[in-house]
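Asker: Put together the whole structure using the sequences plus the hints.
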Amino acid sequence: MIYIDGYYIGLIFKDGYLVENTIPLKCRLEGYSEEGEEIAELILKLYLAEIDDKKVRKKIKYKLLVPEFTKKVLDEVCNIRFGETKTYGEIAKKLKTSPRAVGRALNKNPLPLIIPCHRVVAKNGLGGYSYGVEEKAKILKREKDVLLRANKI
DNA sequence: AGATTGAGCGGCA
DNA sequence: TGCCGCTCAATCT
911 MIYIDGYYIG
921 LIFKDGYLVE
931 NTIPLKCRLE
941 GYSEEGEEIA
951 ELILKLYLAE
961 IDDKKVRKKI
971 KYKLLVPEFT
981 KKVLDEVCNI
991 RFGETKTYGE
1001 IAKKLKTSPR
1011 AVGRALNKNP
1021 LPLIIPCHRV
1031 VAKNGLGGYS
1041 YGVEEKAKIL
1051 KREKDVLLRA
1061 NKI
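Every letter in the first sequence is one number past the one before it in my numbering, and letter 81, counting from 1, is 991.
Calculated from the structure, these hints are not laboratory results.
Quick caveat, the model's predicted, so the values are computed rather than measured.
Please note: incorrect hints may appear among the correct ones.
In silico DSBU-like links for lysine-lysine, alpha-carbon gap of 35 Å or less [to be verified]:
| hint | residue 1 | residue 2 |
| --- | --- | --- |
| 1 | K982 | K1018 |
| 2 | K924 | K1054 |
| 3 | K964 | K1033 |
| 4 | K1062 | K924 |
| 5 | K936 | K1033 |
| 6 | K924 | K968 |
| 7 | K1006 | K936 |
| 8 | K924 | K969 |
| 9 | K1003 | K964 |
| 10 | K1006 | K1062 |
| 11 | K968 | K1062 |
| 12 | K981 | K969 |
| 13 | K996 | K964 |
| 14 | K981 | K924 |
| 15 | K981 | K936 |
| 16 | K981 | K1051 |
| 17 | K982 | K1051 |
| 18 | K1006 | K965 |
| 19 | K1004 | K1048 |
| 20 | K1003 | K1033 |
| 21 | K1054 | K1033 |
| 22 | K1003 | K973 |
| 23 | K1018 | K924 |
| 24 | K968 | K1051 |
| 25 | K1004 | K1018 |
| 26 | K981 | K968 |
Answerer: This is the structure:
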């Protein structure tokens, strides 16, 4: 668990690959470590919508240790662009499965923010988020604000 | 192996 | 609006 700028970020590595992370949190969970400070910084930037997730995925070594179906869903979610959203139903249609199955897969996204699962919303409303819908709303709002500002200038 | 459970959706009153 | 049935991968029992 890394501490920067008032946030704690949990990271788990396996064979040099990032396999699991938390979003930036207000309180610490477990032991402190120095490992992966640069990665934690990137995750914090993702959280604050200061960087594009595509760049982060290119920059860091990560591995998805999840079942095949879950991986397919997560790969599909990576195609959603910064500041945009898709519904569970849309993803399901593309993968020929059900919206519930998509939600189930996203629920266990081991790499939140890096895999932008927060950009998948329900048709009527926000849907859920493992860290609470308020967090989801905040992240999406920050991304939208960045786009708005870019378009204005 | 069978039952239950969701970060959902569409239809119908 | 609210309820009901459908869905299907994952998680129990």
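Asker: Return the numbers of the hints above that this structure violates; sort them in rising order.
Answerer: 4, 7, 10
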